Structures are given as C-alpha cells and as structure tokens.
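Novice: Here is what each chain is made of, one letter per residue.
Number of protein chains: 2
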Amino acid sequence: MSITYSPIGVIRTPHATVKGMPIQPVGALGVPGTIEVFESFREGLSDLDGFSHILLVYHLHEIKGFDLMVKPYLGDALHGIFATRSPKRPNPIGLSVLRLMGHDGERVFVENVDMLDNTPVLDIKPYVPAFDSWDADRIGWFEGVVQNAREHEADERFHKAG
Amino acid sequence: MSITYSPIGVIRTPHATVKGMPIQPVGALGVPGTIEVFESFREGLSDLDGFSHILLVYHLHEIKGFDLMVKPYLGDALHGIFATRSPKRPNPIGLSVLRLMGHDGERVFVENVDMLDNTPVLDIKPYVPAFDSWDADRIGWFEGVVQNAREHEADERFHKAG
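Chains as they are written, first to last, in the working numbering: chain G, 8 to 169; chain A, 8 to 169.
Just chain G, same shape as in the assembly (with noise of 0.2 Å):
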C-alpha cells in the first residue's frame, strides 16, 4: 500500500545546510521562518491568527533511505528509530511546534522553525494543550540530556548517501 501527498506550501528557513542545524525548536527560539501557502491551500488559513502556536507538518526532503537503530544527536547508543527523533525514518515526517507571529493570506509567519530552507509542507494544524500537552511521566534515554537539544547541533550523520 502505498499512500501520496501533495505539498500544501514550502517553508523558507535560514538553515540551508543540514550541518549546524537546531535539532529541535528548543534549539531555535526567536529564529523566524515563514511559510508559503500555495494559492490553492490559501483559503484554509482563514482563523489561523486566533493561536499562538501551530504544528507543523512536513516532509523532511533531504533524507535518503532510512535506519531502524540509530545514534540520535544526543545520545551516544544506538536506539529503534521509532524511541528517538532522528530524521532518518522509515517515513520521513517531520513535526514542530512553532510561534505562530501572524499571516498575511499567503505567508505564514513563524518562529523556533528547526528545518531546512525550503522544506515541503503537509499540514499545519493549531497546537491545541488540551489535546497536545500531556503529562509525560517517561521520557526514556532522553532523561538526563533532553535539556542539551537546546545547544546541540546537526551534524551530517543522517545526510550522508546511503
């Protein structure tokens, strides 16, 4: 089975290389992106101003293939790609929580924006706490160096041919 999305828009972002890259958008607060809807999506932003935080959706473009056991940016062990975050997925699905600043109609203006210049986008959808905030009580082999994501750095590790 086989299941084909269309872009609804691209993001344009200051990151044009993967390498020094936030991780996270913990790791790139106040950095602004923006959103270009194509015309046929644009109708949909109507009621978007109302929230201060979007999910954004996306296609992470770069990425070639895929690796069950990774070694994420902040771990040093390999883990299913599924326990971690690393873009190297089976589906390659990026998700943010960005600021949403406002939009004009046709550009959706942002911040915290932790992906590629000119990454494709799928879906944004309103970040909702009630739905999206939840009481994690486990977080795993992140417990200890979650914090770092706000410095560390892409690498080139899941960029590389293969």
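What the hints contain is simulated information worked out from the structure, not anything from laboratory work.
Keep in mind that this is a model prediction, so the values were computed, not measured.
Just so you know, not all the hints are guaranteed correct.
A pair holds if it fits inside one copy or across any two, identical chains being indistinguishable in the list.
What the hints assert, rightly or not - Using 20 Å as the maximum straight-line C-alpha spacing, the simulated EDC-like pairs for lysine to aspartate or glutamate come out as follows:
(1) K71 <-> E163
(2) K95 <-> D54
(3) K78 <-> D54
(4) K95 <-> D124
(5) K78 <-> E158
(6) K26 <-> E69
(7) K95 <-> E46
(8) K71 <-> E50
(9) K26 <-> D83
(10) K71 <-> D124
Please arrange chain A on chain G, whose structure you already have, making use of the hints.
Specialist: Chain A alone, transformed into the frame defined by chain G:
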C-alpha cells in the same frame, strides 16, 4: 510534486465506524488499541518501552477529498481547515498523543485511541514534553469549547462522499 509513504503498520481500535467515535484522545481516555507493526520495521521499536507516551502519525484512510472551510465538531461556525483539527484536510494526516502501555516486539499497546480500526500508521515518535509541550496562550476559536472534546463524539460530516 508528490510524496509517497508506505505504512509501517496498522492500529487496531474499538472504533469500527466514525459515528460515535471520540474526536480526540482526551475523549478516549483508557480506550485500548494495538499497533500491529509490519515485520520489516519491528527492530525500530527497540527502547520504545522507556516512554510513557508516543506521538502517532497516521493516514486518515476513510477521508475522500478535502474542504478548505469546515464546520468542526466543536463549533458552529466555519473555519479555515488549517485552524481546525478536522480530518478532511488536503493531506489527511492524523496526529494523536497516546499513552504507551508497552510492546512485545511486534505489537505496541496503547491507550486513548481516537482513530478508526485498521488505520494505517505512518510513524511512531516518542513524546518528549521538552519538545512537544508548549505554553500556548491563544487557542483561537477553541477558547470556551475545547473542554467539550471530552464528551463530544464524531458524526459522519467529514466522511460522506465528496
């Protein structure tokens, strides 16, 4: 540009039909489901058991077509699709934070399931509050109605032909 994904598995849930289904995980607390992961992806579950919650990314397989303006389950007015969590989206990608109960290497046991039985699963990500939980201070038209998601059930408005 088209983007093609293949499911990594399916999720089995008690929700055989849309009618009466919970509209968000907060309306499905304790409702059990099982993600049946296809054999070729099972190695990727390694270390997942350390997490209390997962982000499930899935394909809303019963949705045909999309609307840019929708009247959501929780509201009486039309809103742009990207300002709602309604399923009839340009790319029908669903996203739910689920309680992780464990896995046996083939099946992942979860709770709070709010999707149809046999929904194709695209990705499993560990839920990490430092990345995924944000103080959103503006929730647009959800203000004053979001708490209704606990009791509200789906009807067939987004699942009719068209």
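Novice: Next step is simple, just say for each hint if it's right about the structure.
Specialist: Hint by hint, here is what the structure shows:
1. K71 <-> E163: within (12 Å within a copy, 39 Å between copies)
2. K95 <-> D54: For K95 and D54, the Cα distance is within 20 Å only across copies (17 Å; inside one copy 34 Å).
3. K78 <-> D54: between (41 Å within a copy, 12 Å between copies)
4. K95 <-> D124: within (18 Å within a copy, 28 Å between copies)
5. K78 <-> E158: Classified as within; 18 Å inside a copy, 42 Å across copies.
6. K26 <-> E69: Within one copy only: 13 Å inside, 40 Å across.
7. K95 <-> E46: This pair counts as between: shortest inter-copy Cα distance 18 Å, intra-copy 30 Å.
8. K71 <-> E50: For K71 and E50, the Cα distance is within 20 Å only across copies (19 Å; inside one copy 33 Å).
9. K26 <-> D83: Only inside one copy: K26 and D83 sit 19 Å apart there, 47 Å across copies, limit 20 Å.
10. K71 <-> D124: This pair counts as within: shortest intra-copy Cα distance 17 Å, inter-copy 31 Å.
Hint compliance for this structure: every hint is met.
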